[in-house]
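J.: Sequences and hints are given; from them, build the entire structure.
Listed here are the chains, written in short residue letters.
Number of protein chains: 2
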Amino acid sequence: MYELFFQNFNSKVELTPEEEAQIKNYLTPKKLKKKQYLLQEGDVCKTIAFIEKGALKAYSVDDNGNEHIIQFGLEGWTISDLYSFLTGEPSTYNIDAIEDSELVLINKSAHEELLLKVPKYETYTRLNITGAYLAMQKRLTSIIGSPVEERYANFTALYPNIVQRVPQHMIASYMGLSPETLSRIRRRISSK
Amino acid sequence: MYELFFQNFNSKVELTPEEEAQIKNYLTPKKLKKKQYLLQEGDVCKTIAFIEKGALKAYSVDDNGNEHIIQFGLEGWTISDLYSFLTGEPSTYNIDAIEDSELVLINKSAHEELLLKVPKYETYTRLNITGAYLAMQKRLTSIIGSPVEERYANFTALYPNIVQRVPQHMIASYMGLSPETLSRIRRRISSK
DNA sequence: CGATTTTTTGAATCATATCAACGTACGTGG
DNA sequence: CCACGTACGTTGATATGATTCAAAAAATCG
Numbered sequence: 174m175y176e177l178f179f180q181n182f183n184s185k186v187e188l189t190p191e192e193e194a195q196i197k198n199y200l201t202p203k204k205l206k207k208k209q210y211l212l213q214e215g216d217v218c219k220t221i222a223f224i225e226k227g228a229l230k231a232y233s234v235d236d237n238g239n240e241h242i243i244q245f246g247l248e249g250w251t252i253s254d255l256y257s258f259l260t261g262e263p264s265t266y267n268i269d270a271i272e273d274s275e276l277v278l279i280n281k282s283a284h285e286e287l288l289l290k291v292p293k294y295e296t297y298t299r300l301n302i303t304g305a306y307l308a309m310q311k312r313l314t315s316i317i318g319s320p321v322e323e324r325y326a327n328f329t330a331l332y333p334n335i336v337q338r339v340p341q342h343m344i345a346s347y348m349g350l351s352p353e354t355l356s357r358i359r360r361r362i363s364s365k
Numbered sequence: 174m175y176e177l178f179f180q181n182f183n184s185k186v187e188l189t190p191e192e193e194a195q196i197k198n199y200l201t202p203k204k205l206k207k208k209q210y211l212l213q214e215g216d217v218c219k220t221i222a223f224i225e226k227g228a229l230k231a232y233s234v235d236d237n238g239n240e241h242i243i244q245f246g247l248e249g250w251t252i253s254d255l256y257s258f259l260t261g262e263p264s265t266y267n268i269d270a271i272e273d274s275e276l277v278l279i280n281k282s283a284h285e286e287l288l289l290k291v292p293k294y295e296t297y298t299r300l301n302i303t304g305a306y307l308a309m310q311k312r313l314t315s316i317i318g319s320p321v322e323e324r325y326a327n328f329t330a331l332y333p334n335i336v337q338r339v340p341q342h343m344i345a346s347y348m349g350l351s352p353e354t355l356s357r358i359r360r361r362i363s364s365k
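Respectively, the protein sequence lines represent chains G and Y. Heads up: the first sequence begins at 174 in the numbering used here, then just goes up one per residue. Heads up: the second sequence begins at 174 in the numbering used here, then just goes up one per residue.
Quick caveat, the hints were computed from the structure, so don't treat them as lab data. It is possible that part of the hints are untrue.
Identical chains blur together in the list; that is why a pair holds if it fits in one copy or across any two.
[To be verified] SDA-like cross-link-like pairs, simulated, lysine to any residue; straight-line CA separation at most 25 Å:
| id | residue 1 | residue 2 |
| --- | --- | --- |
| 1 | Lys-185 | Gly-261 |
| 2 | Lys-311 | His-284 |
| 3 | Lys-204 | Met-309 |
| 4 | Lys-207 | Thr-189 |
| 5 | Lys-197 | Ser-282 |
| 6 | Lys-281 | Thr-314 |
| 7 | Lys-197 | Ala-283 |
| 8 | Lys-208 | Thr-265 |
| 9 | Lys-226 | Pro-190 |
| 10 | Lys-207 | Asp-269 |
| 11 | Lys-281 | Tyr-306 |
| 12 | Lys-208 | Thr-314 |
| 13 | Lys-226 | Ser-184 |
| 14 | Lys-185 | Leu-255 |
| 15 | Lys-185 | Pro-263 |
| 16 | Lys-185 | Asp-216 |
| 17 | Lys-207 | Glu-322 |
| 18 | Lys-311 | Gln-213 |
| 19 | Lys-185 | Glu-295 |
| 20 | Lys-219 | Ser-315 |
| 21 | Lys-219 | Thr-314 |
| 22 | Lys-204 | Ala-194 |
| 23 | Lys-197 | His-284 |
| 24 | Lys-185 | Tyr-297 |
| 25 | Lys-206 | Thr-260 |
| 26 | Lys-293 | Tyr-199 |
| 27 | Lys-290 | Glu-192 |
| 28 | Lys-197 | Ile-358 |
| 29 | Lys-204 | Glu-248 |
| 30 | Lys-219 | Leu-247 |
T.: Here it is as structure tokens:
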């Protein structure tokens with residue numbers, strides 16, 4: 174249990190066996206079936222979820238009922254609505270499972286105690302959020318600056334495993350396109 | 174000197190006078206005239222810059238020579254190309270001054286030493302990057318999910334001081350629109 | 001196999017970009 | 001302090017690209 178979590182943790186900050194045991198006390202495992210929610214709009218986000226296995230998506234729903242995918246999460250990634258988690262405000266996002274998934278949850282009091290008691294946990298948190306920030310900046314830059322074809326090519330190059338496992342219309346949503354448009358873009362690309 | 178920097182720092186993590194003195198040793202002041210570069214594409218980003226006074230913009234330039242603004246920075250904000258700073262890779266961004274500006278610089282060795290020697294600096298860094306992450310997520314969400322009119326209204330509500338001080342075509346660039354389109358959107362909004 | 005979801009295709013519509021011209025404000029050097 | 005040049009914003013006409021709606025084809029699941 175928690176293999177991938179600690180593998181990921183140790184790759185960022187090396188833990189002693191004692192520290193590892195200490196941190197384990199703050200973790201909760203959770204399984205999610207496909208289509209089950211981890212978080213629903215209007216609820217407060219109570220946990221940060223590390224994905225041991227499976228795939229999830231975080232998304233908002235607009236006035237016309239369209240989903241807009243903010244983030245995908247696969248094995249080794251962390252998913253949450255950090256804003257709601259940190260402020261205690263109701264979330265404007267939904268998070269649900271695209272596949273049957275296994276998660277490691279850290280709730281808020283656990284997070285706060287870990288920050289106080291385990292200095293390496295703060296470092297881990299800092300490195301994690303920094304990585305997430307850089308990934309999002311790359312995404313934002315390409316949305317603003319690159320033509321759609323290039324953006325899709327970048328996406329498939331960067332996340333081939335997402336392309337394989339996730340339906341195309343969700344990738345369209347992630348890219349801010351209609352499914353029809355993405356379909357046509359793929360045809361244009363492949364006809365070269 | 175460094176008033177705003179420490180005011181900002183203390184609002185996030187309270188420092189003792191000794192710690193403040195210690196940190197001061199790692200800081201370098203720098204003045205920038207309007208239009209001067211802090212960072213040019215192709216160079217490695219050597220510093221994290223805290224803005225004491227003035228306004229800057231970070232942007233990329235595409236194949237057609239168009240600027241795409243990634244981020245604005247005003248007093249109290251931090252600006253940098255974190256990716257280049259952390260990895261040592263050449264930057265793909267430019268950062269320059271929109272107004273005459275005064276900065277507080279932290280270079281890489283200073284940053285690394287501070288992380289090791291001053292635990293509160295790590296906390297400060299974590300909180301800073303978390304704030305930047307949340308702000309960028311909000312921006313991304315609104316790009317993907319909201320109609321342009323609403324996005325512009327949100328922007329002016331959130332950053333009235335940027336709207337006042339920065340030419341409109343730069344705001345168009347930040348929003349991923351042509352200057353003409355933003356002009357027309359403003360007319361549509363004001364005619365209601 | 002049948003039912004459901006996903007992807008593709010076509011046609012009409014809508015939004016934004018582009019190109020060009022004009023008006024205005026601003027700051028600088030004479 | 002004025003005049004000129006540059007940068008900025010607005011407007012119109014046209015072109016381009018994405019969305020929407022509808023339907024059919026293809027793939028997936030139980």
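J.: Against this structure, judge whether each hint is valid.
T.: Evaluated hints:
In this assembly of identical chains, the alpha carbons of Lys-185 and Gly-261 lie at most 25 Å apart only when taken from different copies (18 Å versus 28 Å within one copy). Only between protomers do Lys-311 and His-284 lie at most 25 Å apart by alpha-carbon distance; the minimum there is 23 Å, versus 28 Å within a single protomer. When the C-alpha separation of Lys-204 and Met-309 is checked against a cutoff of 25 Å, the pair qualifies neither within a copy, at 27 Å, nor between copies, at 30 Å. In this assembly of identical chains, Lys-207 and Thr-189 lie within 25 Å of each other by CA distance neither inside one copy nor across copies; the values are 35 Å within and 51 Å between.
When the C-alpha separation of Lys-197 and Ser-282 is checked against a cutoff of 25 Å, the pair qualifies only within one copy, where the shortest distance is 14 Å, while the shortest distance between copies is 34 Å. Taking the shortest alpha-carbon separations for Lys-281 and Thr-314, only the inter-copy value of 24 Å comes in at or below 25 Å, while the best intra-copy value is 32 Å. Proximity of Lys-197 and Ala-283 under a CA criterion of 25 Å is satisfied intra-copy only: 11 Å inside one chain copy versus 34 Å between copies. With identical chains, the CA atoms of Lys-208 and Thr-265 are at most 25 Å apart within one copy only, with a shortest distance of 18 Å there and 39 Å across copies.
In this assembly of identical chains, Lys-226 and Pro-190 lie within 25 Å of each other by CA distance solely inside one copy; the values are 24 Å within and 48 Å between copies. When the C-alpha separation of Lys-207 and Asp-269 is checked against a cutoff of 25 Å, the pair qualifies only within one copy, where the shortest distance is 8 Å, while the shortest distance between copies is 48 Å. When the C-alpha separation of Lys-281 and Tyr-306 is checked against a cutoff of 25 Å, the pair qualifies both within a copy, at 21 Å, and between copies, at 19 Å. Taking CA atoms no more than 25 Å apart as the test, Lys-208 paired with Thr-314 passes between copies only; the shortest distance there is 22 Å, against 31 Å inside one copy.
For a Cα distance limit of 25 Å, the shortest separation of Lys-226 from Ser-184 inside one copy, 18 Å, qualifies, whereas the shortest one across copies, 39 Å, does not. Taking the shortest Cα distances, Lys-185 and Leu-255 sit within 25 Å of each other both inside one copy (20 Å) and across copies (18 Å). In this assembly of identical chains, the alpha carbons of Lys-185 and Pro-263 lie at most 25 Å apart only when taken from different copies (24 Å versus 31 Å within one copy). Proximity of Lys-185 to Asp-216 under the C-alpha cut-off of 25 Å is found in neither arrangement, the shortest distances being 31 Å within a copy and 27 Å between copies.
Within a single copy, Lys-207 and Glu-322 get their C-alpha atoms no closer than 31 Å, and across copies no closer than 36 Å, so neither meets the 25 Å cut-off. For the identical chains of this complex, Lys-311 and Gln-213 are inter-copy neighbours only, at 18 Å across copies versus 27 Å inside a copy, given an alpha-carbon limit of 25 Å. For the homomeric pair Lys-185 and Glu-295, the shortest alpha-carbon distances inside one copy (11 Å) and between copies (15 Å) are both at most 25 Å. In this assembly of identical chains, the alpha carbons of Lys-219 and Ser-315 lie at most 25 Å apart only when taken from different copies (24 Å versus 32 Å within one copy).
For the identical chains of this complex, Lys-219 and Thr-314 are inter-copy neighbours only, at 21 Å across copies versus 31 Å inside a copy, given an alpha-carbon limit of 25 Å. For a Cα distance limit of 25 Å, the shortest separation of Lys-204 from Ala-194 inside one copy, 22 Å, qualifies, whereas the shortest one across copies, 50 Å, does not. With identical chains, the CA atoms of Lys-197 and His-284 are at most 25 Å apart within one copy only, with a shortest distance of 12 Å there and 31 Å across copies. Taking identical chains as interchangeable, the C-alpha atoms of Lys-185 and Tyr-297 lie at most 25 Å apart whether they share a chain (6 Å) or sit on different chains (19 Å).
In this homomeric assembly, Lys-206 and Thr-260 never come within 25 Å of each other (Cα to Cα): the closest approach is 28 Å inside a single copy and 38 Å across copies. Taking the shortest Cα distances, Lys-293 and Tyr-199 sit within 25 Å of each other both inside one copy (14 Å) and across copies (24 Å). For a Cα distance limit of 25 Å, the shortest separation of Lys-290 from Glu-192 qualifies both inside one copy, at 10 Å, and across copies, at 21 Å. Neither within a single protomer nor between protomers do Lys-197 and Ile-358 lie at most 25 Å apart by alpha-carbon distance, with minima of 46 Å and 53 Å respectively.
With identical chains, the CA atoms of Lys-204 and Glu-248 are at most 25 Å apart within one copy only, with a shortest distance of 13 Å there and 46 Å across copies. Proximity of Lys-219 to Leu-247 under the C-alpha cut-off of 25 Å is restricted to the intra-copy arrangement: shortest distance 20 Å within a copy versus 33 Å between copies.
Going down the numbered hints, you'll see the structure goes against 3, 4, 16, 17, 25 and 28, while the others check out.
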